[in-house]
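Guided by the hints, dock chain B onto chain A, whose structure is given.
As they're listed, the protein sequences go chains A and B.
Under the numbering used here, the first residue of the first sequence carries the number 1, and numbering increases by one thereafter.
Under the numbering used here, the first residue of the second sequence carries the number 1, and numbering increases by one thereafter.
Possibly wrong hints are sitting among the right ones.
[Claimed, not checked] With a straight-line Cα cutoff of 30 angstroms, these simulated DSS-like cross-link-like pairs (lysine-lysine) come out:
| no. | chain 1 | residue 1 | chain 2 | residue 2 |
| --- | --- | --- | --- | --- |
| 1 | A | Lys135 | A | Lys182 |
| 2 | A | Lys135 | B | Lys156 |
| 3 | B | Lys104 | B | Lys305 |
| 4 | A | Lys306 | A | Lys253 |
| 5 | A | Lys46 | B | Lys156 |
| 6 | A | Lys396 | A | Lys216 |
Just so you know, the hints here were simulated from the structure itself, not pulled from any lab data.
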Amino acid sequence: MNKSIRKISLALLLILVLTAVVLMSGCASEKQDSTGSRDQGKEPYKIGAVLETSGNSSSLGVPERDTLLMLVENLNQNGGIDGHPVELTILDNKSDETEAVMAVKKLIDMEVLAVLGCASSGPSMAMINTVQNEKVPMVSMAAASSIVEPVNERQWVFKTAQSDIVTVKNIIAYLQGQGLTKVAFLYMNNAYGDGGKVAFTAAAKESGIEVVTEEKFEASDNDMTPQLTKVKASGAQAAIVWAIPPSASIITKNFRDLGLSIPLIHSHGVGNQKFIELAQGTADGVILPIGKLAVVSQIPDSDPQKEVLESYIADYQAKYNTPPNSFGGYASDAFNLVVNAIEKAGPDRIAIRDELEKNTSGFIGVSGVFNISPQDHNGLDVDSMVLVQIEGDQWKLID
Amino acid sequence: MWSKSLLWPAVILLFLALPFVIDSNYYLSILIVIGLYTIIVQGLGILMGYAGQVSFGHAGFFGLGGYTVAILTTRFDWSPVFALIAAVILPGLIAAIIGRPTLKLRELYLALGTMGFGILIHTLFNEGRELTGGPSGISGIPYLSIGGLSFDSDIKFFYLVWAVVLLVLIGINNLIRSRVGRALRAISESEHAAETAGIDTGKLKLKAFIFSALLAGLAGGLYAFYITFISPSPFGFHTSVQFVLMAVVGGLGTFLGPLLGAALVVLLGELLRWVIPLVIPGAGGEYEIIFFGLILVFLMIFRPKGLGAFGKNLKPPAVKPSVAPE
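Bound-form chain A, shown alone (with noise of 0.2 angstroms):
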């Protein structure tokens, strides 16, 4: 008896002590899990990806990573950069923040010329202090305009994914065409709908637009009918929601239902096929902000971004047979922006940053048109978005 559960004892202590040794050599064989490392003769210029591909952000971080990979192959399918293969490492951080930062230490570890992401907010807040001390450019793809603000403070982190701001001052826009100054607000009690939130109060106020209402509801709720109600008692002139399906669904059946005639706005968040299908039918008529990816056939051959966002469709749909989301779009731009600067810059970390913050102007991406300067490390503007109105289940550009 005791012998026996000496010698398990002893195999499960071999284990652990295994463990710590397969981890230490970790580095070694870390190689080998990465794409592309195709010998041809040049050293390879190592990036890193850290991404939510799995966990509660996994939507988002699923198809950056599809897109990533499949960018990475196109590249060194055609020469790579200078002839430099291009070395990509992507690590899941399992949408946890402090799993984030391990990952992006392992990244520097291993001397990668810079990170791209994360796909969330909280994970990308979680890296930046890591990234300003090693001095390590890092492109997040995450929406809050804190990632990149004070930009004193982010010398080293951009990112792709539009601000709320820009959202926002395209529904206010919209706001003053139609001439409706009083609105009611309503929004999903998270990160996401508390930045909309902070960012429309604001920039509302400037543009004389009242607020007349404001009510949250919980991301898992599943009637929104009790502030619905107060919206209409507000004597509001449109209602504007800022929250993500499966939420934002059940709150436009529940506006459907009262019987609510006031424009219903929401916010990019629902730009997805997923709101129209759980909102069974009920979404007609309702008007959104979106990244021009998902009208691309709509915007006219004029617009500078048309060609990118075609050869980017095309490239997606006959690797995934699916059509890409603007997740992936965010992805796409953080890699191409970095790979660009270190075609231009050469293979070092601060020459890499410097060319991003000073060189990016008239950049098309994906996600717009990149300006990027010592005062904004995001460089997309209001352009970037196009004002849609859902009818008969598609987008339809409102001109």
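Same frame as chain A, now just chain B:
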């Protein structure tokens, strides 16, 4: 005889020399995280292993410590040291307030009660926008600095965290060999018998609860100084469960159990993060959970008392051999 008394100092010295060998912020960060979790699980180990009370709310105390540091340093400009002291005291105070009614509950009800507390605290972090920054969290937490020494790098933080772990280990080693330790163990064996022997069980359980909350708060405060950003998401129910898991896997009522449990859970997570993509290309964290579960199930089958039962062969340094238990 002399070799035994030298074993522990030797192990500790070797461990403290590690940063000179590994020279990698990634491995240091793993060790730091193991250290932070060890501090919490040590306290939880006293509560669960000795006082026999389970808590599914310790992520709440962990978060309270973190938010205390974050709020006091960024909103009220407290000096980091005082903020860290407050981060230890506040969770202890709250544990003292909620402890008395909560610890009247037993078994399942106690688990549910503490779980409710954890969820409540998590909700407060999300809702208290003016103070906690809501779901977006608080950034710009300064580094911990003690008298001009600023803990701004992984290597410095490694020594800080493990010095704390060492102090906690020494403290607990003394505690479990004291009268209080023996009384606590009596409670976990049989509460009624302990009462008959004249032990004030209610008071002792409360003390163990407060002690574990203090340690969780301390770890939370250190966490905030390490990451320099805080948001509600690391302090949810899931984290509480993970702490209990570390305590159980490590072995309840053993000296090294908490350390081994925290190390195993963190190392296994890191190992699976990159081993699984090698075996199953394109697989993410969802597969990790399966492997994780399997390993833990096997461990519990073959080692139901946890990893720390090795500690039976590897006895802690004796303080007063004459009063050693058993």
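Hint check results:
For the given pair, A:Lys135 sits about 47 angstroms from A:Lys182 by alpha-carbon distance, which is inconsistent with the 30 angstroms threshold. Restraint check for A:Lys135 and B:Lys156: satisfied, since their Cα atoms lie roughly 19 angstroms apart, inside the 30 angstroms limit. Straight-line distance between C-alpha atoms of B:Lys104 and B:Lys305 comes to about 27 angstroms, which keeps the hinted pair within the 30 angstroms bound. Only pairs whose Cα atoms come within 30 angstroms are accepted, and A:Lys306 paired with A:Lys253 is rejected, the gap being roughly 34 angstroms.
As the CA atoms of A:Lys46 and B:Lys156 are separated by approximately 28 angstroms, the hinted pair is consistent with the 30 angstroms bound. A hinted pair counts as satisfied when its Cα atoms are at most 30 angstroms apart, and A:Lys396 with A:Lys216 qualifies at roughly 28 angstroms.
The structure is inconsistent with the numbered hints 1 and 4, although it conforms to all the rest.
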